[in-house]
Amino acid sequence: MSDAVVIEDLHKSFGPLEVLTGIDLTVTSGEVVCVIGPSGSGKSTLLRCVNLLESPTRGRIHTLGVEITDPDCELDALRRRIGMVFQQFNLFGHLTVLDNLTIAQRRVLRRTRAEAERIARENLDRVGLGDKAGAYPAHLSGGQQQRVAIARSLSMGPELMLFDEPTSALDPELVGDVLTVMRDLATEGMTMLVVTHEMAFARDVADRVVFMDGGVIVEQGAPAAVLGDPTEERTRTFLRRVLDPTHLSDAELD
Amino acid sequence: MTTVDDAAAGPKRRLTRRQRTRIIRLVQYAVFVAVLAVVAFTADWHTVQQGFFRPDVARSMFPGVLVPALLNTLAFTLGAFVFGLVLGTVLALMRLSEVRAYRWVATGYIELFRGLPVLVVLFLVGYGIPNAFPDREIPGGVYGQMALGLGMTAAAYMAETIRAGILAVPKGQLEAARTLGMPYGRAMVSIVIPQAFRIVIPPMTNQIITLTKDTSLAYVLGVTAANVEITKFSSDVLNARVNATPLIVAALVYLVITLPLSQVVRRMELRAARAR
Chain Z
1 MSDAVVIEDL HKSFGPLEVL TGIDLTVTSG EVVCVIGPSG SGKSTLLRCV NLLESPTRGR
61 IHTLGVEITD PDCELDALRR RIGMVFQQFN LFGHLTVLDN LTIAQRRVLR RTRAEAERIA
121 RENLDRVGLG DKAGAYPAHL SGGQQQRVAI ARSLSMGPEL MLFDEPTSAL DPELVGDVLT
181 VMRDLATEGM TMLVVTHEMA FARDVADRVV FMDGGVIVEQ GAPAAVLGDP TEERTRTFLR
241 RVLDPTHLSD AELD
Chain H
1 MTTVDDAAAG PKRRLTRRQR TRIIRLVQYA VFVAVLAVVA FTADWHTVQQ GFFRPDVARS
61 MFPGVLVPAL LNTLAFTLGA FVFGLVLGTV LALMRLSEVR AYRWVATGYI ELFRGLPVLV
121 VLFLVGYGIP NAFPDREIPG GVYGQMALGL GMTAAAYMAE TIRAGILAVP KGQLEAARTL
181 GMPYGRAMVS IVIPQAFRIV IPPMTNQIIT LTKDTSLAYV LGVTAANVEI TKFSSDVLNA
241 RVNATPLIVA ALVYLVITLP LSQVVRRMEL RAARAR
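Heads up: the protein sequence lines correspond to chains Z and H, in order. Counting in the UniProt record's numbering, the first sequence runs from 1 upward without gaps. Counting in the UniProt record's numbering, the second sequence runs from 1 upward without gaps.
Same shape as in the complex, but just chain Z (with noise of 0.2 angstroms):
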């Protein structure tokens, strides 16, 4: 099987702030990977790397066989290849529901109008809003919009889907709908790096689990391995936050 991504030593600085500092990662083609860690651990940052949004400031990055991080890769068209989805949806406001599927598809892959309408609505049917097409962002819950933006990226066609905290802007009644709908395209085969703080998914969903700390991997391997029974003491202190947060001793408290 091809790798999807290759992180080789990547660091990554903002300023005198080191983010990363040396991350190494290769996720096959098919693979889910979920990665989670505290917040400012760079879970963030380095999922940006990957389609380049954030320059790396050392290291190289192979994504879908082509070196991201070469400046004179052709990286628009190596984009096209790759779905984003943001925890802030960032659905087109402007444009109804329809028009945020088939813009970019009109505009960078030349389908034509009724092609790309033809493809948005199968994916508008896929993520369950088939009824939505005409409707503006402004106008459905955060879920809707979310998984609007799930769909926006798949009518691209992508090999690749980033996930960056896709669920952490929702109200909780609603975060299960776009996990589904991610379960789904995880069930389908579709390769997915994911930034999560949701460990039901990871353990039920991901092929691997990757836990970052203070800009390096510290720990990574199957779900219930990583999940169930950690080796690192940062992995179980992090899990024990996450899953108990109720029962931290004095000690623990910021």
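Treat the hints with care, as some may be off.
Said to hold, decoys possible - Subject to a maximum C-alpha distance of 20 angstroms in a straight line, what follows is the list of computed SDA-like cross-link-like pairs (lysine to any residue): (1) H:K171 <-> H:V242; (2) H:K171 <-> Z:L47; (3) H:K171 <-> Z:L53.
Said to hold, decoys possible - Going by beta-carbon spacing under 7 angstroms, a handful of chain Z positions derived as facing chain H: (4) N51; (5) L53; (6) D76; (7) R80; (8) M84; (9) F86; (10) Q88.
No wet-lab data here; the hints were simulated from the structure. In this text the structure is predicted, and so the values were computed from the model without any measurement. The beta carbon of each residue, even a glycine, is placed where N, CA and C say it ideally should be.
Since chain Z is already given, all that's left is putting chain H on it; use the hints.
The following block gives chain H in isolation, referenced to the frame of chain Z:
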């Protein structure tokens, strides 16, 4: 509740809240009516009417004050607005450019043209440019000169407004567009600028209304009877008839432009709000 309060207030009977409100309202109306009455009874209405509202003078201004004067005012305004909008958008993008030279040029232009009186700019366009390039002409005659002269100043103001609008569009919009494979320019044109324009509709309305009134400076360029605008047309009548009625007519004709404009913009804002 009220009775408890009254009891607590002591033996002296006080007005209820509703009674107080009613009395205050009555006093306000009384003041308003009194002011109207004083103006109505003390003004010398006959003189006012003779000076400002002579029907025969007003009648003599039609249809000239509409065709060509109103049409020309509209043409000057539209030309200047379109030119200013295009140049202003380019300047806004230059100010946001990563190319330092562009930022300098745009900043310099904006500072210069915001500081220059429109009259001076029009004068330079009308007489400076023809002197500098004697064998060329600004296309469109007075219309072209007005579009250029007013538009260059308007562009400076619009550039700052549009820049603020672009910055007000969340960064995630550009990121989402880029991750869909759109090049920077395409993402700006299809995603960011349309949303920026929706944000700047209200200040742009002010800009159009200002431009409408600035068209009265067209006299600097030496207009002919064919391209006279409202103010020049009216002041000519004023001089000929030695009466101020034309000013009132001119004012009303300007309102004919600006009031519907406000309505149109309000509708555009409602439409934009639906998509928000």
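These are the hints, each one checked on the structure:
Under the criterion of a C-alpha separation no larger than 20 angstroms, the hint pairing K171 (chain H) with V242 (chain H) is inconsistent with the structure, at around 60 angstroms. At most 20 angstroms may separate the alpha-carbon atoms for a hinted pair to count; K171 (chain H) and L47 (chain Z) meet this at roughly 17 angstroms. Between K171 (chain H) and L53 (chain Z), the direct Cα distance comes to roughly 12 angstroms. Compliance with the 20 angstroms bound is thereby established for this hinted pair. Because the beta carbon of N51 (chain Z) sits about 6 angstroms from the nearest beta carbon in chain H, less than 7 angstroms, this interface hint is met.
For L53 (chain Z), the interface hint holds, since its Cβ comes within 7 angstroms of a Cβ in chain H; the closest pair sits about 6 angstroms apart. A hinted interface residue such as D76 (chain Z) counts as satisfied when its beta carbon comes closer than 7 angstroms to some beta carbon of chain H; here the least separation is about 5 angstroms, so the hint holds. Given hint, R80 (chain Z) at the interface with chain H, holds; its Cβ is 3 angstroms from that chain's nearest Cβ, closer than 7 angstroms. The restraint placing M84 (chain Z) at the interface with chain H holds, with a minimum CB-CB distance near 4 angstroms, inside the 7 angstroms limit.
Interface hint at F86 (chain Z): satisfied, since its Cβ lies 6 angstroms from the closest Cβ of chain H, which is below the 7 angstroms cut-off. With a least beta-carbon distance of about 5 angstroms to chain H, the hint placing Q88 (chain Z) at the interface is held under the 7 angstroms criterion.
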